[in-house]
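*Asks:* What follows is the residue order along each chain.
2 protein chains.
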Amino acid sequence: MSARPVLTNPRSDRVRSVRALSRRSVRQRQGLFLAEGPQAVREAVTHRPDVVRDLYADDTAAERYADLLAAARDAGVPTHDVSSEVLAAMCDTRQPQGLAAVCRPLDVDLDAALAARPDFVVVLTHVRDPGNAGTVIRGADASGAGAVLVSDASVDVYNPKVVRSTAGSLFHLPLVLGAPVDELLSRLRAAGLLLLAADGSGDQLLTDAPLERRHAWVMGNEAWGLPPQVRDGCDQVVRVPIYGLAESLNLAMAATVCLYASAGARASATQLSR
Amino acid sequence: MSARPVLTNPRSDRVRSVRALSRRSVRQRQGLFLAEGPQAVREAVTHRPDVVRDLYADDTAAERYADLLAAARDAGVPTHDVSSEVLAAMCDTRQPQGLAAVCRPLDVDLDAALAARPDFVVVLTHVRDPGNAGTVIRGADASGAGAVLVSDASVDVYNPKVVRSTAGSLFHLPLVLGAPVDELLSRLRAAGLLLLAADGSGDQLLTDAPLERRHAWVMGNEAWGLPPQVRDGCDQVVRVPIYGLAESLNLAMAATVCLYASAGARASATQLSR
Numbered sequence: 001m002s003a004r005p006v007l008t009n010p011r012s013d014r015v016r017s018v019r020a021l022s023r024r025s026v027r028q029r030q031g032l033f034l035a036e037g038p039q040a041v042r043e044a045v046t047h048r049p050d051v052v053r054d055l056y057a058d059d060t061a062a063e064r065y066a067d068l069l070a071a072a073r074d075a076g077v078p079t080h081d082v083s084s085e086v087l088a089a090m091c092d093t094r095q096p097q098g099l100a101a102v103c104r105p106l107d108v109d110l111d112a113a114l115a116a117r118p119d120f121v122v123v124l125t126h127v128r129d130p131g132n133a134g135t136v137i138r139g140a141d142a143s144g145a146g147a148v149l150v151s152d153a154s155v156d157v158y159n160p161k162v163v164r165s166t167a168g169s170l171f172h173l174p175l176v177l178g179a180p181v182d183e184l185l186s187r188l189r190a191a192g193l194l195l196l197a198a199d200g201s202g203d204q205l206l207t208d209a210p211l212e213r214r215h216a217w218v219m220g221n222e223a224w225g226l227p228p229q230v231r232d233g234c235d236q237v238v239r240v241p242i243y244g245l246a247e248s249l250n251l252a253m254a255a256t257v258c259l260y261a262s263a264g265a266r267a268s269a270t271q272l273s274r
Numbered sequence: 001m002s003a004r005p006v007l008t009n010p011r012s013d014r015v016r017s018v019r020a021l022s023r024r025s026v027r028q029r030q031g032l033f034l035a036e037g038p039q040a041v042r043e044a045v046t047h048r049p050d051v052v053r054d055l056y057a058d059d060t061a062a063e064r065y066a067d068l069l070a071a072a073r074d075a076g077v078p079t080h081d082v083s084s085e086v087l088a089a090m091c092d093t094r095q096p097q098g099l100a101a102v103c104r105p106l107d108v109d110l111d112a113a114l115a116a117r118p119d120f121v122v123v124l125t126h127v128r129d130p131g132n133a134g135t136v137i138r139g140a141d142a143s144g145a146g147a148v149l150v151s152d153a154s155v156d157v158y159n160p161k162v163v164r165s166t167a168g169s170l171f172h173l174p175l176v177l178g179a180p181v182d183e184l185l186s187r188l189r190a191a192g193l194l195l196l197a198a199d200g201s202g203d204q205l206l207t208d209a210p211l212e213r214r215h216a217w218v219m220g221n222e223a224w225g226l227p228p229q230v231r232d233g234c235d236q237v238v239r240v241p242i243y244g245l246a247e248s249l250n251l252a253m254a255a256t257v258c259l260y261a262s263a264g265a266r267a268s269a270t271q272l273s274r
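One line per chain: the protein sequences are A and B, in this order. Positions 1 to 274 (the working numbering) are the ones given, in order, by the first sequence. Positions 1 to 274 (the working numbering) are the ones given, in order, by the second sequence.
Bear in mind the hints are in silico, worked out from the structure with no lab data behind them. Certain hints may be false.
Any copy will do: because identical chains look the same in the list, a pair fits if it lies in one copy or spans two.
[As the list claims (entries may be wrong)] Below 20 Å or equal to it, Euclidean Cα-Cα: the simulated EDC-like pairs (lysine to aspartate or glutamate) are:
1) Lys161 with Asp119
2) Lys161 with Asp92
3) Lys161 with Asp235
4) Lys161 with Glu183
5) Lys161 with Glu222
6) Lys161 with Asp129
7) Lys161 with Asp81
8) Lys161 with Asp13
9) Lys161 with Asp74
10) Lys161 with Asp203
11) Lys161 with Glu247
12) Lys161 with Asp107
13) Lys161 with Asp67
14) Lys161 with Asp111
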């Protein structure tokens, strides 16, 4: 028998207000978003417990992820027992696997992201597809990028589908959100980063790009790429070579290849300087 | 006024039999699959008109893609005018954009794929997610891989979701389908290819893998990777380095990074030999 009250009413005000976080307007008004499933919740609790406002777990998850819940409580995160019906009613995902966390926004301002003097960062502009955006954030994390900057004309990174496809990487690296792309680029240039537009029309091949310099990858819409004025405002326009008959790579694949090229250049530079 | 009859009944036998191709059992029984949308149809007509049995276009598409329909007719492909309702009723996609093609299977046997002495190929086994499988085929095409081999314990490549996510690459490179993975691997080894298991547990870093040798990438399930006996049967187990806090890359991303490393090694070898 549980010593703590269990939330069992899927139609309660609390459940409705969590569920409403699937809408952008509600996220903005409340200043909150929802991380669903064990992977996202674990990364939130491990790396950013300061942004977790409430953690909800059903019976099965409370048992299966007891270590995670203990870590959350140790970090001062309020945890709540809920029925599986309540959890399902809160979530956008069909199978949240018994865990969800209501989080405060974790984005930082550009100065904070630049303070660590990143070797390379990614700028996303006019990206609309949640899966592509989230996968780019995951690839940026894996490749060791210093930050991801998402311009105002893009999908909301706190959208549940984006959060899900980052596979927890949302909680791993600095995110800068909501600034106009022109402002982002001029400030990155002022900070000494070379601006590399990733675009299939580029005259520079990725294999020849000067990745030993500090740089920012600038990536555009998944269907039509970068707006011409953004592309033309970058220092170089770089394309991933296509060796076969494919017309292109999708945004997430192209970004991953570019970011791993950056990571490889950094690894070589580090070895050389030893 | 059209001189040719227009199919207008979405409940006709012909429409039902095309729609039924969204089911694997029907595809296997009929020996047919459906390519939906202008990109897939264009690549089929351009590169493999021999496998296109019937091309269906609605009014708007017939006008917009007049060049494509002319090319199809020139190549001897039967084209059919249909109403938008008929096209929608035929397709799995919500927005087929007015075009669909019923195609015969285009996979080849392994001997045919190996006859061209490919520098590198990809083997997929136990892959279940259509989007990941299709994206790997697209990445294999873009990187210039010589073939994609999909074992029997995998998603059906002629599934509409796989076809869609290949973005036409299905029609670009040799596909070998349906053999048991053990047989594929032993025949690849006999053909002189080094077997490289791509797995996060690998002790060999991608940056140190001997990609100058002819090789086959062996990739497993999107959630749990390769079955241990398959992984252990490969010559080397290779992992993509993770520089940040991400636990892993998804299958399509990891495959793309590995394949582009192979393409880069080949490009270097070609330059050196000049």
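*Asks:* With identical chains treated as interchangeable, where does the CA-CA distance between lysine 161 and aspartate 107 reach 20 Å or less: within a copy, between copies, both, or neither?
*Replies:* This pair counts as within: shortest intra-copy Cα distance 17 Å, inter-copy 35 Å.
*Asks:* Checking lysine 161 and glutamate 183: alpha-carbon separation at most 20 Å within a copy, between copies, both or neither?
*Replies:* Neither. Shortest intra-copy (27 Å) and inter-copy (39 Å) distances fail the 20 Å Cα cut-off.
*Asks:* Pop the pair lysine 161 and aspartate 74 into one bin, within, between, both or neither, using alpha-carbon distances up to 20 Å.
*Replies:* neither (29 Å within a copy, 44 Å between copies)
*Asks:* Within, between, both or neither: how does the pair lysine 161, aspartate 235 come out at a Cα-Cα threshold of 20 Å?
*Replies:* Classified as neither: same-chain Cα gap 33 Å, cross-chain 38 Å, threshold 20 Å.
*Asks:* Indicate which option fits the pair lysine 161, glutamate 222 if close means a Cα-Cα distance not exceeding 20 Å: within, between, both or neither.
*Replies:* Both ways: lysine 161 and glutamate 222 sit 16 Å apart in one copy and 18 Å across, limit 20 Å.
*Asks:* Quick one: lysine 161 to aspartate 81, C-alpha cut-off 20 Å, is that within a copy, between copies, both, or neither?
*Replies:* neither (24 Å within a copy, 38 Å between copies)
*Asks:* Please sort lysine 161 with aspartate 13 into within, between, both or neither, judging by C-alpha distance up to 20 Å.
*Replies:* neither (24 Å within a copy, 39 Å between copies)
*Asks:* Using 20 Å as the alpha carbon limit, work out where lysine 161 and aspartate 129 are close: within a copy, between copies, both or neither.
*Replies:* both (9 Å within a copy, 17 Å between copies)
*Asks:* Given a CA cutoff of 20 Å, do lysine 161 and glutamate 247 count as a within-copy pair, a between-copy pair, both, or neither?
*Replies:* Between copies only: 19 Å across, 27 Å inside.
*Asks:* Checking lysine 161 and aspartate 111: alpha-carbon separation at most 20 Å within a copy, between copies, both or neither?
*Replies:* Neither: 28 Å inside a chain and 43 Å across chains, both beyond 20 Å.
*Asks:* Is the C-alpha distance from lysine 161 to aspartate 119 at most 20 Å within one copy, between copies, in both cases, or in neither?
*Replies:* So lysine 161 and aspartate 119 fail the 20 Å test inside a copy (29 Å) and across (38 Å) alike.
*Asks:* How would you label the pair lysine 161, aspartate 203 (within, between, both, or neither) given a Cα cut-off of 20 Å?
*Replies:* neither (34 Å within a copy, 33 Å between copies)
Going through the hint list in order, the structure does not satisfy hints 1, 3, 4, 7, 8, 9, 10, 13, 14.
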